[in-house]
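Colleague: Below are the chains, spelled out letter by letter.
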Amino acid sequence: MRLLATTTNLSVAAMLCAAQLTAQQTPDTTATTPGTVQQPSATARAAMYMNIGFTALVDAGWSTEPDVPSLQLGDHDPRVRGFTIPNTELTLDGAVDPYFKGFSNIVFKLDEGGETGVELEEAYLLTTSLPANLQLKLGQFFTEFGRQNPQHPHSWAFVDQPLVLNRMFGPEGLRSQGMRLSWLAPTPFYTEAMLGVMNSVGGTTFSFQSEESPEIHGGVVPGPAVESPGDMLIVPRIVSSFELTGTQTLLFGVSAALGPNNSGPSARTRIFGVDAYYKWKPAAAQQGFPFVSLQVEGLARRYEAAEREAAEDASILLPNETLRDRGWYGQLLYGIRPRIVAGLRADVVSGDEASFASELRTDRFRLSPNVTWYPTEFSKIRLQYNYDDRKSVGTDHSVWMQFEFLLGAHASHKF
Amino acid sequence: MNKLTAIKLATVALIALAGTAASSAARLRVVATTPDLAALAREIGGSAVEVTALAKPTEDPHYVDAKPSHIVTLNRADVLIEGGAELELGWLPPLLESARNSKIGSTAPGRVVASQGIRMAEIPTTFDRSRGDVHSLGNPHFLIDPLSAKVVAANIATHFAQADPASAALYRANLASFMARIDAKLRQWEGQLAPFRGAKIVTYHKDFVYFASRFGLEVLETLEPKPGIAPSPAHLAQVIGAMKAANARVILVQPYQNRRTAETVARQTGARVLDIAQQPGARRNTTTYFDMMDYMVTTLATALRGG
Chain A
1 MRLLATTTNL SVAAMLCAAQ LTAQQTPDTT ATTPGTVQQP SATARAAMYM NIGFTALVDA
61 GWSTEPDVPS LQLGDHDPRV RGFTIPNTEL TLDGAVDPYF KGFSNIVFKL DEGGETGVEL
121 EEAYLLTTSL PANLQLKLGQ FFTEFGRQNP QHPHSWAFVD QPLVLNRMFG PEGLRSQGMR
181 LSWLAPTPFY TEAMLGVMNS VGGTTFSFQS EESPEIHGGV VPGPAVESPG DMLIVPRIVS
241 SFELTGTQTL LFGVSAALGP NNSGPSARTR IFGVDAYYKW KPAAAQQGFP FVSLQVEGLA
301 RRYEAAEREA AEDASILLPN ETLRDRGWYG QLLYGIRPRI VAGLRADVVS GDEASFASEL
361 RTDRFRLSPN VTWYPTEFSK IRLQYNYDDR KSVGTDHSVW MQFEFLLGAH ASHKF
Chain B
1 MNKLTAIKLA TVALIALAGT AASSAARLRV VATTPDLAAL AREIGGSAVE VTALAKPTED
61 PHYVDAKPSH IVTLNRADVL IEGGAELELG WLPPLLESAR NSKIGSTAPG RVVASQGIRM
121 AEIPTTFDRS RGDVHSLGNP HFLIDPLSAK VVAANIATHF AQADPASAAL YRANLASFMA
181 RIDAKLRQWE GQLAPFRGAK IVTYHKDFVY FASRFGLEVL ETLEPKPGIA PSPAHLAQVI
241 GAMKAANARV ILVQPYQNRR TAETVARQTG ARVLDIAQQP GARRNTTTYF DMMDYMVTTL
301 ATALRGG
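Protein chains in written order, with my numbering: chain A, 1 to 415; chain B, 1 to 307.
To be clear, the hints were calculated from the coordinates, so they are not data collected in a lab. From the three backbone atoms N, C-alpha and C, an ideal C-beta is built for every residue, glycine too. Do not take every clue at face value.
What the hints assert, rightly or not - Which residues of chain A face chain B? A few of them, derived with a C-beta cut under 8 Å, are:
1. 126
2. 129
3. 133
4. 243
5. 281
6. 283
7. 285
8. 287
9. 338
10. 410
11. 412
Stated by the list, open to error - Cross-link-like lysine-lysine pairs, in silico, BS3-like; alpha carbons within 30 Å at most:
12. A:380 with B:67
13. A:414 with A:101
14. B:67 with A:414
15. B:103 with A:137
16. A:380 with B:206
17. B:150 with B:185
Isolated chain A, as found in the complex:
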């Protein structure tokens, strides 16, 4: 069990802070000084039954597009010229009992107008002792589709969300209430098969029965409903990884998200994705540097739009049609020397023409070079330039700085 090792100044978490102070003060009673040899008191360790972490992102920058949100679609992207705090997270986790681990992630953010928003981003149980290599996740969590969707903004390699994820999964990514069963296959190399069953209704099930989905096709929202188990969102994923050599690792995954959308009864959306990740790190790396990594994700969506009246004008009847979209992004990272990473990302998205013209489906290309300096594992400073070509609108240039800090429990890194 990890022990929290710092103070957060969060007034909203006064109770947690009180618990934390207890944890900090207890070791003082044992009065060890650096250099002396003494075991920590058991009570100090037992004072905390969870890890607490607090992460904050501060963005600053400028874009040639005055209406920044039309360019930066992600909910945790920089959204105005000037300063933004698009994401701060309070994370709590720990062993619940011998059978479960618990995780929760509460997000506080300031919107474009400076108003504070709070959301319960994740809260889930994870089993620790199911037989047959099975594991169950239960609650509200980021859907395990592809590589980036389940990642929190502070582990992204770029200031903003990849365009294709934005189009398919909306501003906040695909997450919902539900469960995920996973099976670690007994193969010689790593293979994990997952099956997610989640609610298709909600604000964060973009492309499915989300209130935001009408932007895709211009239809009315018929009142989301779940009538049968078939109305759930089904997300299968399989992922494998191979050690190419002692210093090179490859990971490859295939995912799908299948469920009803809200354009009409029995209208469905199918999203398919492939993702690959390659990493090279020499045997004698210094704090993990140098390294080279390449991450690519490609997604295709098939959206069945039912015949319906256009939301803005009931006299316009939109026909029954299938909307097809696709896109990919590739990001190359080069860890030049300890704590300095240069990155380059290319984003490509496109959609077939449809009777309702949505800017969320037009062709777009974006190229983003960036450089990140990590003074330690607990802070970072990032500078990113976006060359952004919305084929139907024109070209824009943006420069964003991003600062991040992390308080509390040491974040561990997934591969």
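Given the structure of chain A, go ahead and fit chain B onto it with the hints provided.
Modeller: Relative to the frame of chain A, chain B by itself:
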């Protein structure tokens, strides 16, 4: 896919599964996070165990990539030996979460926490990251003190015997022989370093604290101003001054530390950069714990003698 193909594929898969299960059933499968712990496990386990280390000998144990292949290794382990004291905090927790192996669960007999029973140095009294990445449970680089190695070895033997009672006698015998060899070698190592009692050494990271205290050396300075923080010119200037004043003659550098920084300091102080390693396998002909300690002690003694 027709039915026959499906049946064929299923058969092949089943045979593959059976094969994997059978080939590794005999010996206790031990996973150690680092090669030094793996080396101790081999001493105690002998022929009854099959040992894998997750980190490479040349890799910084604080910064290991949590690779998916590690999940597979951990999933099939009977015993996991970790350094503890937050050494693997940055990478082990997500691997264990995915490995879903209750045999190596935090309270299972198959889980060995090496720091347990060690008299830890440098346990912070207040938690403040402005002092660098200080481990709240103390300095985790304790295994290069041979007396710590004895504690860890005993800990490993107890857990091996619990996980594999059939070979308990073997583990006890191996432990006894290991203890005797450590005692003998410790006298030799102390003898080798005795002429240099009080000598001042400089290290890159705070990773020779236990070694220095065991052999009566003094860690004068570290090139890192604070644990985990990169050397700054101002700090290096101060280190150079201190080294000149104290006539410190060696700078110890491990394979994953910045040798060039050490060379710069060495040039200005007339000191020597010593390529040293706490992990068996990182330097040539250092397979066992004894090889590694021999290499470290001999290299250091030679350098301090001015050879």
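Colleague: Hints first: check each against the structure and report whether it holds.
Modeller: Quick rundown of the hints versus the structure:
no., hint, verdict
1, 126, "holds, 7 Å"
2, 129, "holds, 5 Å"
3, 133, "holds, 6 Å"
4, 243, "holds, 5 Å"
5, 281, "holds, 6 Å"
6, 283, "holds, 5 Å"
7, 285, "holds, 6 Å"
8, 287, "holds, 5 Å"
9, 338, "holds, 6 Å"
10, 410, "holds, 5 Å"
11, 412, "holds, 5 Å"
12, A:380 with B:67, "holds, 23 Å"
13, A:414 with A:101, "holds, 17 Å"
14, B:67 with A:414, "holds, 8 Å"
15, B:103 with A:137, "holds, 21 Å"
16, A:380 with B:206, "holds, 24 Å"
17, B:150 with B:185, "holds, 12 Å"
Figure legend: structure checked against the earlier numbered hints; every hint is met.
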